[in-house]
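I would like the entire structure built from these sequences, with the hints used as guidance.
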Amino acid sequence: MEFSAKKIAEYLNGSVEGNKNTKVSNVSSINDATPGSLTFLANPAYAQFLYTTKASIVLINKDFKIEKPVNCTLIRVDDAYNSLAKILELYNKYLPEKKGVSKLAYISKSAKIGKNTYIGEFAYVGENTIIGDNVKIHPQSYIDYNVKIGDNTKIYPGTKIFDRSVIGKDCIIHAGAVIGSDGFGFAREADKNFKKIAQIGNVVIEDNVEIGANTTIDRATFGSTIIKKGTKLDNLIMIAHNVVIDKNTVIAAQSGISGSSKVGKNCMIGGQVGISGHLNIEDNVKIAAQAGIGSNIKKDKTIMGSPAIDASNYKKSYVHFKNFQRIINKIEELESEINTLKKKKKK
Amino acid sequence: MEFSAKKIAEYLNGSVEGNKNTKVSNVSSINDATPGSLTFLANPAYAQFLYTTKASIVLINKDFKIEKPVNCTLIRVDDAYNSLAKILELYNKYLPEKKGVSKLAYISKSAKIGKNTYIGEFAYVGENTIIGDNVKIHPQSYIDYNVKIGDNTKIYPGTKIFDRSVIGKDCIIHAGAVIGSDGFGFAREADKNFKKIAQIGNVVIEDNVEIGANTTIDRATFGSTIIKKGTKLDNLIMIAHNVVIDKNTVIAAQSGISGSSKVGKNCMIGGQVGISGHLNIEDNVKIAAQAGIGSNIKKDKTIMGSPAIDASNYKKSYVHFKNFQRIINKIEELESEINTLKKKKKK
Amino acid sequence: MEFSAKKIAEYLNGSVEGNKNTKVSNVSSINDATPGSLTFLANPAYAQFLYTTKASIVLINKDFKIEKPVNCTLIRVDDAYNSLAKILELYNKYLPEKKGVSKLAYISKSAKIGKNTYIGEFAYVGENTIIGDNVKIHPQSYIDYNVKIGDNTKIYPGTKIFDRSVIGKDCIIHAGAVIGSDGFGFAREADKNFKKIAQIGNVVIEDNVEIGANTTIDRATFGSTIIKKGTKLDNLIMIAHNVVIDKNTVIAAQSGISGSSKVGKNCMIGGQVGISGHLNIEDNVKIAAQAGIGSNIKKDKTIMGSPAIDASNYKKSYVHFKNFQRIINKIEELESEINTLKKKKKK
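Residue numbers (numbering that gives the first Met the number 0), protein chains in the order written: chain W, 0 to 346; chain Z, 0 to 346; chain H, 0 to 346.
No lab work stands behind these hints: they were computed from the structure. Incorrect hints may have been included.
All copies of an identical chain are treated as equivalent in the list; a pair is satisfied when it fits inside any one copy or across any two copies.
[To be verified] Okay, derived cross-link-like pairs now, DSBU-like style, lysine-lysine, Cα gap no bigger than 35 Å in a straight line:
{"#": "1", "residue 1": "K191", "residue 2": "K98"}
{"#": "2", "residue 1": "K297", "residue 2": "K264"}
{"#": "3", "residue 1": "K191", "residue 2": "K153"}
{"#": "4", "residue 1": "K285", "residue 2": "K102"}
{"#": "5", "residue 1": "K298", "residue 2": "K191"}
{"#": "6", "residue 1": "K264", "residue 2": "K228"}
{"#": "7", "residue 1": "K102", "residue 2": "K135"}
{"#": "8", "residue 1": "K300", "residue 2": "K246"}
{"#": "9", "residue 1": "K314", "residue 2": "K195"}
{"#": "10", "residue 1": "K297", "residue 2": "K108"}
{"#": "11", "residue 1": "K153", "residue 2": "K97"}
{"#": "12", "residue 1": "K264", "residue 2": "K285"}
{"#": "13", "residue 1": "K227", "residue 2": "K108"}
{"#": "14", "residue 1": "K114", "residue 2": "K19"}
{"#": "15", "residue 1": "K341", "residue 2": "K168"}
{"#": "16", "residue 1": "K98", "residue 2": "K285"}
{"#": "17", "residue 1": "K22", "residue 2": "K111"}
Structure, rendered in structure tokens:
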């Protein structure tokens, strides 16, 4: 795939400064670009690289002032970062698209398969499952019985989606994700053995949700574990039984949410965060990476630490923690001064 | 599946208060139940919902005193929570059961397959492997050569069980779990390169163990990594080479145990806990979520923090950590008072 | 497989003390060895077990002085631990080797497959993919289109390797690993919805790299996520888009590295470590388990804590944290002494 500066500028409603026929076939970052690649300048901290970059084309904001001669063709746009995102999307569309239903897939006779679907080799689609239009079920995926998958959803290889799960439209489920495994529920008996509590609920994933690679979402004990519209989960996340995550929340990799907790809308949760069970995290909460949440969190809070507290409070306390030896020295000094004062007294 | 109050009461040895013919086809929680569903009241904190619930049937303890009229049919039982668990189990039994050996599975001729087994599509069973009776090997599972799997064990889709693993009876291995991958063992050489230490041991999982989705259990360098009877591991857990976990221990999601550590009986380990290598965690130890264990732990201890210490000590210290700024202010006050005292002295 | 002391000594350039015809078929640790097994004594702390072990053969350092009679055959070697590693490697070579291309695999006609490869049942190899010589692609693996895999590399069952990934020679990719899933990149729009940033880059893994079970490595947004020569990653690790990890670094299980961070050569990173995005961790850095890294780290540093600081500093501060109640008591004492001094003053 090769694009000229002229064509790219047209696509982005931008204007070319330099050779309109310059061609690129690749996207790079401005500091390690090679000839034949397109790059962008959005962060002023990288402005220095504009004058030395080997990229052939640079996307640049309309109002950016050039201070030295440049070796590349520039395309002036309203917002260089957004324009880059559009170019990435365009590039993606030119990648080969997978189509058709493989003869090497297993599809139950009672399953209903929409139009224009892709079902790859060694994929399994169970009884009475309903697959929407334009759905892509990549090789070696497992879709159990009575599952519903909405239009345009992509299921990457090796994903497992268990019985009675409901997946919305325009979702992306990455490789190796497990949706609908049993919740972790046991009752300890008098003899110390654990008796399994049957897990008869399901998982509901609404439209436009993205689930990361090897992430696991357990089915509800009864009722549903729910991930609402537009929420994005990164890789290796654990969502326990009966958790509900509201709309447009993002959760970074390796975080875990314990049974029956609720997470609000528009929350931003860092990586490796742990949230205990039966909690309520309200809307717009921000949680720093590695935090441990053991109590309800009110809306709009930013929290940090394990157990997590208000982030600015945590940071202050942590500064003192780092200086703990000096604080101890100070206390010892004070003690010795008091002793001196006491001795003087006696004299 | 629809059940009447009469039938449910008979099954639970309970007694009906209200319409014996009320039917339910679903289980819900008391606060968001819909008509046609059964619920339960075990936790007194939820008692208020009894008078407003839309559930058709509520399981309730024999001795519970009703204070207002209710709209639903009640079933009085000895223990409402236990009775609910029984209902969930009953419901589970009515779900469609998978049976038979698929023609699309690969089964080595030298493998021995027990009676009444299910082997799903695209599953792989290697040479000389022995599968017990009533075992369910779901689609796309991988069972290597010389593996033994005991009666009634369930292996969910996409599980990988490597050569010479031994899995007991009545176990459940959830989707995507990896059992018997190589231990992480290397020797650093003079040129800074790492040389792999061959990992020739295996994994032994005793009876009635549950292993969560995408959990990984490495084979021993030599000898066995062992998970003993009745122990339950949640999702995304890492068990390293030569670890031994004793009976009836539960470990929550995303915890990791490093090489050669031993964990005792009846331990309760929270989520995202890390245990260093070559340690001994004795029986009945409780470890709070996100704790980091760097030394041996005596039996019956409850620990918290990273590095973990006695939990009540940790909590006390953490209260002071949260108040660190105030403590610093206090120290500065004392310092200024001492300075005042010293000045007065001089006068 | 049974080996005599004579044969083992020859293989290791060692000398036998005792019966040269003693045979072993197994490897055990010295304290729980059974007859018929070989063990080793490298750590002096285990020397006591030499006189009671039930092992038939013990590998022992040339200069080790025996203080009591032993019941086993000894083999004297230059370095008992290295010799054991050689024996494990030898044992490994005798295990059955998998060969041939299964008729139950799907291999695109445009893929180029090297000599002496193994491609197992239900494996998928996409268009234009190039597989080197002696490569082993175990059952149910997924190798997408335009992938390159170097000679002698082993791909364990259920691994997924996405389009345009480049994997070097002599690599080992363990079961369930996902290489080349989309990076986690979104732009928040005015209406609070997230718009996906297309991820068009790839993953490059150089020679002699080992990737643990269920570990995920995301493709770059553009350009490459890179794991360099000789680096070893344990299980359940998350490597985000555009991360670069230099040569011969080891990372223990469940650690995560956020987008665009760079990790230097010869680093040692413990388990459950989190590294934020866009950071630079220089060569030879050591990071303690569970540390959280939020800033650049200079070479040769050893760090600990979350946020991580110099390890010796962290340890000192943590000692005081554990004693926080006593420190508070001391401050209160000082306060009361100052009050006493002030009162005396007034008199």
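Each hint tested on the structure:
1. Only between protomers do K191 and K98 lie at most 35 Å apart by alpha-carbon distance; the minimum there is 33 Å, versus 53 Å within a single protomer.
2. For the identical chains of this complex, K297 and K264 are intra-copy neighbours only, at 12 Å inside a copy versus 39 Å across copies, given an alpha-carbon limit of 35 Å.
3. Proximity of K191 to K153 under the C-alpha cut-off of 35 Å is restricted to the inter-copy arrangement: shortest distance 23 Å between copies versus 44 Å within a copy.
4. Taking the closest pair of Cα atoms, K285 and K102 never come within 35 Å of each other, the shortest separation being 47 Å inside a single copy and 51 Å across copies.
5. Taking the closest pair of Cα atoms, K298 and K191 come within 35 Å of each other only across two copies (16 Å); inside a single copy the shortest separation is 41 Å, beyond that limit.
6. Taking CA atoms no more than 35 Å apart as the test, K264 paired with K228 passes inside one copy only; the shortest distance there is 10 Å, against 42 Å between copies.
7. Proximity of K102 to K135 under the C-alpha cut-off of 35 Å is found in both arrangements, the shortest distances being 15 Å within a copy and 25 Å between copies.
8. With identical chains, the CA atoms of K300 and K246 are at most 35 Å apart within one copy only, with a shortest distance of 17 Å there and 41 Å across copies.
9. In this assembly of identical chains, the alpha carbons of K314 and K195 lie at most 35 Å apart only when taken from different copies (32 Å versus 42 Å within one copy).
10. Taking the shortest alpha-carbon separations for K297 and K108, neither the intra-copy value of 50 Å nor the inter-copy value of 58 Å comes in at or below 35 Å.
11. In this assembly of identical chains, K153 and K97 lie within 35 Å of each other by CA distance both inside one copy and across copies; the values are 11 Å within and 27 Å between.
12. Proximity of K264 and K285 under a CA criterion of 35 Å is satisfied in both settings, with 11 Å inside one chain copy and 34 Å between copies.
13. Only within a single protomer do K227 and K108 lie at most 35 Å apart by alpha-carbon distance; the minimum there is 31 Å, versus 42 Å between protomers.
14. Proximity of K114 and K19 under a CA criterion of 35 Å is satisfied in neither setting, with 42 Å inside one chain copy and 48 Å between copies.
15. Proximity of K341 to K168 under the C-alpha cut-off of 35 Å is found in neither arrangement, the shortest distances being 78 Å within a copy and 74 Å between copies.
16. For the identical chains of this complex, K98 and K285 are neighbours neither inside a copy (40 Å) nor across copies (47 Å), given an alpha-carbon limit of 35 Å.
17. In the homo-oligomer, the alpha carbons of K22 and K111 lie at most 35 Å apart only across protomers (31 Å), although the nearest pairing inside one protomer, at 46 Å, exceeds that limit.
When each numbered hint is compared with the structure, violations occur for hints 4, 10, 14, 15 and 16.
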